[in-house]
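Colleague: Spelled out from the first residue to the last, the chains are:
2 protein chains.
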Amino acid sequence: MFEVAELGQALSREEFDKRVPELRTQLLEMQRTLSQADFPVIVLVSGSDGAGKGVLVNRLNEWLDPRYLRTLAFDDKTQDERERPDYWRFWQALPQKGRIGLYIGSWYSDPIALRVDKTLNDIELDGYLAHIRIFERMLVEDGALVIKLWLHLSKDQQQLRLQQLASDPATAWRVTEKDKLHLALYDDFRSTAEHTLRQTSTAEAPWVVIESADPNYRDITVANHLLERIQQHLTLHAHSDAAQDDENSETVALIHRQKTLLGNLDMDQSLDKSTYRQKLEHWQGKLSLLARRAYEQQVSMVIVLEGWDAAGKGGLIRRIVPALDARNYQIIPIAAPTDEENAHHYLWRFWRHIPRDGRVTMYDRSWYGRVLVERVEGLASRSEWLRAYSEINDFESQLVEHGTVVVKFWLHIDADEQLKRFKERETISYKRHKITDEDYRNRERWVDYEQAVNDMVERTSTEVAPWHLIEANSKRFARIKALKILCQQLEQRLGVKGKGKE
Amino acid sequence: MFEVAELGQALSREEFDKRVPELRTQLLEMQRTLSQADFPVIVLVSGSDGAGKGVLVNRLNEWLDPRYLRTLAFDDKTQDERERPDYWRFWQALPQKGRIGLYIGSWYSDPIALRVDKTLNDIELDGYLAHIRIFERMLVEDGALVIKLWLHLSKDQQQLRLQQLASDPATAWRVTEKDKLHLALYDDFRSTAEHTLRQTSTAEAPWVVIESADPNYRDITVANHLLERIQQHLTLHAHSDAAQDDENSETVALIHRQKTLLGNLDMDQSLDKSTYRQKLEHWQGKLSLLARRAYEQQVSMVIVLEGWDAAGKGGLIRRIVPALDARNYQIIPIAAPTDEENAHHYLWRFWRHIPRDGRVTMYDRSWYGRVLVERVEGLASRSEWLRAYSEINDFESQLVEHGTVVVKFWLHIDADEQLKRFKERETISYKRHKITDEDYRNRERWVDYEQAVNDMVERTSTEVAPWHLIEANSKRFARIKALKILCQQLEQRLGVKGKGKE
Chain A
-16 MFEVAELGQA LSREEFDKRV PELRTQLLEM QRTLSQADFP VIVLVSGSDG
34 AGKGVLVNRL NEWLDPRYLR TLAFDDKTQD ERERPDYWRF WQALPQKGRI
84 GLYIGSWYSD PIALRVDKTL NDIELDGYLA HIRIFERMLV EDGALVIKLW
134 LHLSKDQQQL RLQQLASDPA TAWRVTEKDK LHLALYDDFR STAEHTLRQT
184 STAEAPWVVI ESADPNYRDI TVANHLLERI QQHLTLHAHS DAAQDDENSE
234 TVALIHRQKT LLGNLDMDQS LDKSTYRQKL EHWQGKLSLL ARRAYEQQVS
284 MVIVLEGWDA AGKGGLIRRI VPALDARNYQ IIPIAAPTDE ENAHHYLWRF
334 WRHIPRDGRV TMYDRSWYGR VLVERVEGLA SRSEWLRAYS EINDFESQLV
384 EHGTVVVKFW LHIDADEQLK RFKERETISY KRHKITDEDY RNRERWVDYE
434 QAVNDMVERT STEVAPWHLI EANSKRFARI KALKILCQQL EQRLGVKGKG
484 KE
Chain B
-16 MFEVAELGQA LSREEFDKRV PELRTQLLEM QRTLSQADFP VIVLVSGSDG
34 AGKGVLVNRL NEWLDPRYLR TLAFDDKTQD ERERPDYWRF WQALPQKGRI
84 GLYIGSWYSD PIALRVDKTL NDIELDGYLA HIRIFERMLV EDGALVIKLW
134 LHLSKDQQQL RLQQLASDPA TAWRVTEKDK LHLALYDDFR STAEHTLRQT
184 STAEAPWVVI ESADPNYRDI TVANHLLERI QQHLTLHAHS DAAQDDENSE
234 TVALIHRQKT LLGNLDMDQS LDKSTYRQKL EHWQGKLSLL ARRAYEQQVS
284 MVIVLEGWDA AGKGGLIRRI VPALDARNYQ IIPIAAPTDE ENAHHYLWRF
334 WRHIPRDGRV TMYDRSWYGR VLVERVEGLA SRSEWLRAYS EINDFESQLV
384 EHGTVVVKFW LHIDADEQLK RFKERETISY KRHKITDEDY RNRERWVDYE
434 QAVNDMVERT STEVAPWHLI EANSKRFARI KALKILCQQL EQRLGVKGKG
484 KE
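Those protein sequences? They're chains A and B, same order as listed. Residue numbers for the first sequence follow the working numbering, so the first one is -16 and each next one is one higher. Residue numbers for the second sequence follow the working numbering, so the first one is -16 and each next one is one higher.
These aren't lab readings, by the way, just hints derived from the structure by calculation. A couple of the hints might just be wrong.
You can't tell identical chains apart in this list, so a pair holds if it fits in one copy or across any two.
[Said to hold, decoys possible] With a straight-line Cα cutoff of 27 angstroms, these simulated DSS-like cross-link-like pairs (lysine-lysine) come out:
no.	residue 1	residue 2
1	K161	K458
2	K101	K403
3	K1	K417
4	K414	K80
5	K80	K262
6	K458	K101
7	K60	K242
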């Protein structure tokens, strides 16, 4: 596929100078329209060493309005980046809606480099590429325009280019040992790149190979391409509507089951007070030791707390907290998003709080809001919440692959118990603020929520991150069961054999 | 001063249990009011080892509503933190308005530890403490409530406490080598702490020493103290008004000078085209080499671009950019703040983008907006912009102390030249978007802006970060002068002797 970019395309200085003013005008006008649009543009600048990625990006910084442009270079990972899943740094860097993000180096750099130096074999490389396809698809489905540029040089051109750079003292530094190594490995690099581009040139995010031997041709071609693609996307986006979007969405009907997992729970389980006290002490002590060990082994943990209103999420958090070191955990209550959060993919605000190695994040409500409240209240379109299931599964599998322990609780109570608790709350001074008219309104949609919960459990209870359904009509029973599960999950991850009696 | 916290204060379990429900109610009610308030609460939890900082914070996490609470523990710096000025991590962690931030460890931890282990002498310690006073004063003047808690144990109590922890397998891990060392150094620690507390117990942010041998007494006392201080601050804040605030502000009149620095500039300097081309190539080449060396030596640079509308900031940026590696710089155009930015101190959004070691950040307009547009347009109160001068000076001196090269440009044109450029812009297609009615409106306040610029230069041109006034009626002259200054500043910092002819 690279042959098309070895045709000797070039542009004279005169022609270049003639074209630039009009092109800049168009780029700036396009950016002004884009700044009001409801999607971001992500531009990956990849390609051969010496093909001029940096020079091109400098030029685009000259031509475009920097207010709506962000350039990001991904180099070797920093410590903060190493202590989170691979994609954390890419998530942090995603541009807001209305902006263009220029990426030098991207999620492609590592897989290609690791394959060329033989750290990965073909099958492992394809595993990386599968992740990439899922990630890019998610961005595109959220509205993003993903433009992937591959700046190509032939072997001769690359050699020539490196020689030119090396012979001029002003540019010799640009030639790194890595570059020289890559030149020696040109054929491997080329075939790996070709394989990678083929595997990831999807309908929604195709690769574009740019002949890069002549800088004038390269820069004008890229700028024109950006202009066309963004203008096209602006036009398409203006005409799309949510209804049509929904018609095209997954057509598989969600099944209304007679028997559901939630329906199968034995809601009468309970614990007497003295047994509870004794078990609480036991499991908190155990959790404390395990959490300490997880910190020592730099294992992080994500705890997701979902459940009906008044199911006891806060009470459970208060029973988990004493077993943890205050220095190592954070509780993230999920409320309305800020405007920065709203200007990104909905998963962005959860990625923000992913714990460093050895730390714990407790999400009090979570990304599952997408398939629960946002679905039921119509805040997300049908296609949005339908695709969220697989997006969430991929997100959680990335956490687990990084080594994070992911524990998801659904605290389940029945409608009668909820009503009883609402009434109780109104009589306890420091709980009164917890109960609002909205809580009563939500009760009216109990059946819809129940359907949403059943679908959620069915579709997102994966092997790597299963749901733990907690019968919570008895708070005591629920807390002990949850603490015990936390301990078991940690034990499993840490390779500790559980010894404690219950 | 610690003797007051060695009185044997204690609270029985019964008394504790009796008081908690009422206290929790009050805390939650207070937080609901606070959540609507226009200031953040910053609570530092410091003190002796074994005094229960972590346990206290866990308890506060139980009692308070986590939606408006954020706990942060400052441990050894991560790589990302080491590559920025010391206070960068504290800035990142500041709570939003309406929230409480609980800090375990803070800007006090390092100075005290470094003095106890004799890395610092008394004079150096006082230097650290002077920074702290400036920092806290700035937070308080911005409206923040800063509560500083010192949990105290006597030497005997601390020894006893560490023994207790060490003898129980469930808690033995809490006793670190650092703790044991600190016990051995108890007397040094105590006297350093006492000195530190005295030096930093200011009217606006006093220390409160809490007797901490009895956990029940400690927790109830702290919770009551938080309650009272926050309620008091809410009341005071509701009754303060900006006018009164301004009356109390600095009374020194700003002097209207006959002769000003700006007035003294020779605005007729210019360069012919061929000299310009030659010098541009020379200085861009030089800058390129120096920037490369700065990267190698991991020296970061902050470039501040201020100037009249149409003075040529964008054009200058486009002449700097080709000398830099696109991987290493970012351009931060300062536009309207986001809501997250609005919910913090005005310097917060600039701290966000402080470059890592070896990197460059160019601010296209900057924190100086506070004393320019915000002053002239009345967006900041008189006391706010008056105190901004010293806040900015301290901010920049922190950058320089970290090793960052700070270069500040004021691009100066006269009113006639500006009008000429406005007219020109209207005729060039890709510049037309740059000119709006507002630009013409701003011209009408030229004299006010001129006064503001003169005051700014007078008050913020410090030895560590002087202003560079650029005569910019000639764009060519301005660009060459600015590039030359960048080179000189880098040479000075890198210890390179400038060899190039002009």
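Colleague: Indicate, hint by hint, whether the structure satisfies it.
Modeller: Cross-check of the supplied hints:
Taking the shortest alpha-carbon separations for K161 and K458, neither the intra-copy value of 59 angstroms nor the inter-copy value of 40 angstroms comes in at or below 27 angstroms. In this assembly of identical chains, K101 and K403 lie within 27 angstroms of each other by CA distance neither inside one copy nor across copies; the values are 63 angstroms within and 62 angstroms between. In this assembly of identical chains, the alpha carbons of K1 and K417 lie at most 27 angstroms apart only when taken from different copies (22 angstroms versus 67 angstroms within one copy). Taking the shortest alpha-carbon separations for K414 and K80, only the inter-copy value of 24 angstroms comes in at or below 27 angstroms, while the best intra-copy value is 39 angstroms.
Taking the closest pair of Cα atoms, K80 and K262 never come within 27 angstroms of each other, the shortest separation being 50 angstroms inside a single copy and 41 angstroms across copies. In this assembly of identical chains, the alpha carbons of K458 and K101 never lie at most 27 angstroms apart, being 54 angstroms within a copy and 53 angstroms across copies at closest. For the homomeric pair K60 and K242, neither the shortest alpha-carbon distance inside one copy (48 angstroms) nor that between copies (53 angstroms) is at most 27 angstroms.
The structure does not agree with the numbered hints 1, 2, 5, 6 and 7 stated previously, though it agrees with the rest.
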